[in-house]
Each structure stands twice: as C-alpha cells, then as structure tokens.
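Asker: Single-letter residue listing:
Number of protein chains: 2
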Amino acid sequence: MAVTVKGEKTREHILKASRKIFIKQGFHNTSVSEIISATGVKKGNLYYHFASKEDLGLAVLEDAKEEFFHFLNTSLSGRDSIARIINSCQAIFNEQKKNNFVGGCLFGNTALEMTDSNPEFASVIQEVFDRWTKELETLLLEASESQQLNSRISPKLLAKTVVATVEGAIMMSRVSKREKDLPDFLTAIKTLLDH
Amino acid sequence: MAVTVKGEKTREHILKASRKIFIKQGFHNTSVSEIISATGVKKGNLYYHFASKEDLGLAVLEDAKEEFFHFLNTSLSGRDSIARIINSCQAIFNEQKKNNFVGGCLFGNTALEMTDSNPEFASVIQEVFDRWTKELETLLLEASESQQLNSRISPKLLAKTVVATVEGAIMMSRVSKREKDLPDFLTAIKTLLDH
Numbered sequence: 253m254a255v256t257v258k259g260e261k262t263r264e265h266i267l268k269a270s271r272k273i274f275i276k277q278g279f280h281n282t283s284v285s286e287i288i289s290a291t292g293v294k295k296g297n298l299y300y301h302f303a304s305k306e307d308l309g310l311a312v313l314e315d316a317k318e319e320f321f322h323f324l325n326t327s328l329s330g331r332d333s334i335a336r337i338i339n340s341c342q343a344i345f346n347e348q349k350k351n352n353f354v355g356g357c358l359f360g361n362t363a364l365e366m367t368d369s370n371p372e373f374a375s376v377i378q379e380v381f382d383r384w385t386k387e388l389e390t391l392l393l394e395a396s397e398s399q400q401l402n403s404r405i406s407p408k409l410l411a412k413t414v415v416a417t418v419e420g421a422i423m424m425s426r427v428s429k430r431e432k433d434l435p436d437f438l439t440a441i442k443t444l445l446d447h
Numbered sequence: 253m254a255v256t257v258k259g260e261k262t263r264e265h266i267l268k269a270s271r272k273i274f275i276k277q278g279f280h281n282t283s284v285s286e287i288i289s290a291t292g293v294k295k296g297n298l299y300y301h302f303a304s305k306e307d308l309g310l311a312v313l314e315d316a317k318e319e320f321f322h323f324l325n326t327s328l329s330g331r332d333s334i335a336r337i338i339n340s341c342q343a344i345f346n347e348q349k350k351n352n353f354v355g356g357c358l359f360g361n362t363a364l365e366m367t368d369s370n371p372e373f374a375s376v377i378q379e380v381f382d383r384w385t386k387e388l389e390t391l392l393l394e395a396s397e398s399q400q401l402n403s404r405i406s407p408k409l410l411a412k413t414v415v416a417t418v419e420g421a422i423m424m425s426r427v428s429k430r431e432k433d434l435p436d437f438l439t440a441i442k443t444l445l446d447h
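Protein chains in written order, with my numbering: chain A, 253 to 447; chain B, 253 to 447.
Next up, chain A with everything else stripped away, as it sits in the complex:
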C-alpha cells in the first residue's frame, strides 16, 4: 500500500516536471536524459512508470487535459453565460501573463509539433479543443435562448471562433511578449460575443 502511494507520487512528480520541460522546449527537442536530470528520477524508475518517451508525452497531455478542464470549470464563473465565458478567457490570459508569455499553451504547442506525425497525440488535442468548444457552446446556447446573445453566427461556430482566437492570441503574445496584447484580444472576444 505504502509502495503504491509512493509510486503514485513519483508518477505525478514525473508528469508535472516533464510537462514544464515539454512546454518550454517541445517534445522532440527534449531528451530522456534531460527528463531524468529534471525529475531526479532514476532511468529504471522512469521506465517503470512510462514505457517510452511517447508514452510519457501522452500521459503528460492526458494529465494536463484533466487539469485544464478543472481550471476551465473553475474560471467559468460570473453573473451570466457571456460573463462566464469572458472570465474564463481572462483567466487563461492571466496564466500567460503570470508565465511572462513564455511557454504558451501545451495543447497548441503540441498541436503544431505533433499532430501530423502522431495520431495518438492528435487525438488528445482534438478532445481538448472539442470539449472546450462544447462547453462554450452550451453557455452560448443558454445566452441565445435567454435573448442575452444576439449574434448572426451560431453558438457552435461562435464557440469555435473564441477557442481559435484564444489560441491565436496566446501564440501572438508569446512572440511579442507585449503585455497589452492580451487585454486587446479580450476586448475583441467581448465584441465577438456582442458584450
């Protein structure tokens, strides 16, 4: 039992430490020896938990996915559906600012680095984009039914566009490192949501 708990903790530690390296420098550009030195875990122990670097990469994505949806659901708070969406975008942008616009979004990074070459990675990223879009769509449907939203485009398409704009905004602010870029993008999202 004690061993299991310790094993769980080690696995968790490897996942979080590896995520930091993958966000910072990408998957291909990270060697197993760098992971070993960053985690302080012995090689045998690493391979006990993860069969390969691909296996670890996939587990890191799955773990980050769970954490993201927990974060999203917490940040989707506010007095009405539209405010909840705007607050969640704001919370995502705040995270970028907190990290000084370094690293960006693990899902976006991995989307561009891995989706053409690795269907398993692509499928987790697809799940993140789809579920995120779906959650926003549900809120936009509510807003639309309560006459709060009066957009010429469908809630589904609007939801997809918000996600694309957030991802594009993270990309562009990561390049510019300009603090005022993200509030600007938030204003644009508010306009898109007719807010």
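Treat each hint with caution, since some may be false.
Any copy will do: because identical chains look the same in the list, a pair fits if it lies in one copy or spans two.
[What the hints assert, rightly or not] Here are the simulated lysine-lysine pairs, DSS-like style, with alpha carbons at most 30 angstroms apart:
| hint | residue 1 | residue 2 |
| --- | --- | --- |
| 1 | K295 | K408 |
| 2 | K349 | K295 |
| 3 | K386 | K350 |
| 4 | K276 | K305 |
| 5 | K272 | K305 |
In short, the hints are calculated from the structure, not lab data. Predicted model, so just to flag it, every value in this text is computed and none were measured.
Let chain A serve as the given structure and place chain B on it in line with the hints.
Answerer: Chain B alone, transformed into the frame defined by chain A:
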C-alpha cells in the same frame, strides 16, 4: 558569372527544400543529414551557403516571409477593403486545404517552437505578424473612413484579431483535418468585420 547564377540556384533550392521539411517536422526535429538527403546537396556545399542549421533556418524564414507578403498582396484583391481582407483569408485557408491540412503555417509553427529560445527567429516572426496586421489595419482604416465598416473596436485591434483568428483556425483545422472547419472560421471573420 555562371558560377554565381548556379550558386544562387543551389541556395534557392536548399531554401525551398528545407522549408518543406521544417514545415512538416519542425526545426529541432530535423537533422542536417536529413536536409542533405532531401536537397541532394553535398555537406560542403550546404555549409558554403549557410554557416549553420540556425543560419539556414533563419534564411528559410526570411525567404518564406518575402513569399508570404507577395502572396498576401496578390490575394488582397476585391471590390472594396473588406472584401479584399476576406479574400486574403480565404486564399490562406485554400492553401491549407490544398496541403490537406498538413504542415500548417511555418510562422505559427516556428512561433511556438522557437520564439522563447531564439530571439533572431522570434524577430522575423514578429515582423511577419506586425506587417500582416499593419496591412489589414490600413485597409480597415479605409473601410472605416468610407463608412463601410462600423465596428466598435479600432481598426488596429480588429486587424490583430483577424490575424490571431487565422492562426488559431489553421492550428485547429490542422488538428481536426475537417474540411468544413475553415469555411466556418471564414464566416466568423466576416461577422467580426461586420460583413
């Protein structure tokens, strides 16, 4: 003279062939031997033209930048400013479809792979995003002055948002490989431009 022309052609060939590999698999994930085998150029000849892989990567970006702005200016055609912007987004999306949503945007890919670690790469990407935004902003200012555009957000911010949405849309359609995603995003961009 003949040597210079031949040298120019070789340089050009290396640039175009390397761009294809970098788009497909990223910069870090591409070895010099892969570049040599893809270009069919001898190692000595490659290093005659480019001092290092970084030097080649930077030249590939500069070359792609020139080509992109040529492409953009050709595609920015239409009966008025707003139609010109929409047609340019359509043309960019058509290129993605032509490539079966594989590869995506070299600038977006490099933005996420290299900007945190390589300031020279970041500076070329920044130039692409800034100049692209500026060209759209000029058109939006014209549209605004001629009362064709009636947006609550400034031409500058609107221009930046169109660029972010295009980049996010390329990212998402690259993951989904769904043909209908890009027309959807184009509809959203039209709405944003009040069209």
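Asker: Hints first: check each against the structure and report whether it holds.
Answerer: Hint check results:
1. For the identical chains of this complex, K295 and K408 are neighbours neither inside a copy (46 angstroms) nor across copies (52 angstroms), given an alpha-carbon limit of 30 angstroms.
2. Within a single copy, K349 and K295 get their C-alpha atoms no closer than 35 angstroms, and across copies no closer than 43 angstroms, so neither meets the 30 angstroms cut-off.
3. In the homo-oligomer, the alpha carbons of K386 and K350 lie at most 30 angstroms apart both inside one protomer (27 angstroms) and across protomers (28 angstroms), since each shortest distance falls under that limit.
4. With identical chains, the CA atoms of K276 and K305 are at most 30 angstroms apart both within one copy (16 angstroms) and between copies (21 angstroms).
5. Within a single copy, K272 and K305 get their C-alpha atoms as close as 15 angstroms, and across copies as close as 26 angstroms, so both meet the 30 angstroms cut-off.
Comparing the model with each numbered hint stated earlier shows that hints 1, 2 do not hold.
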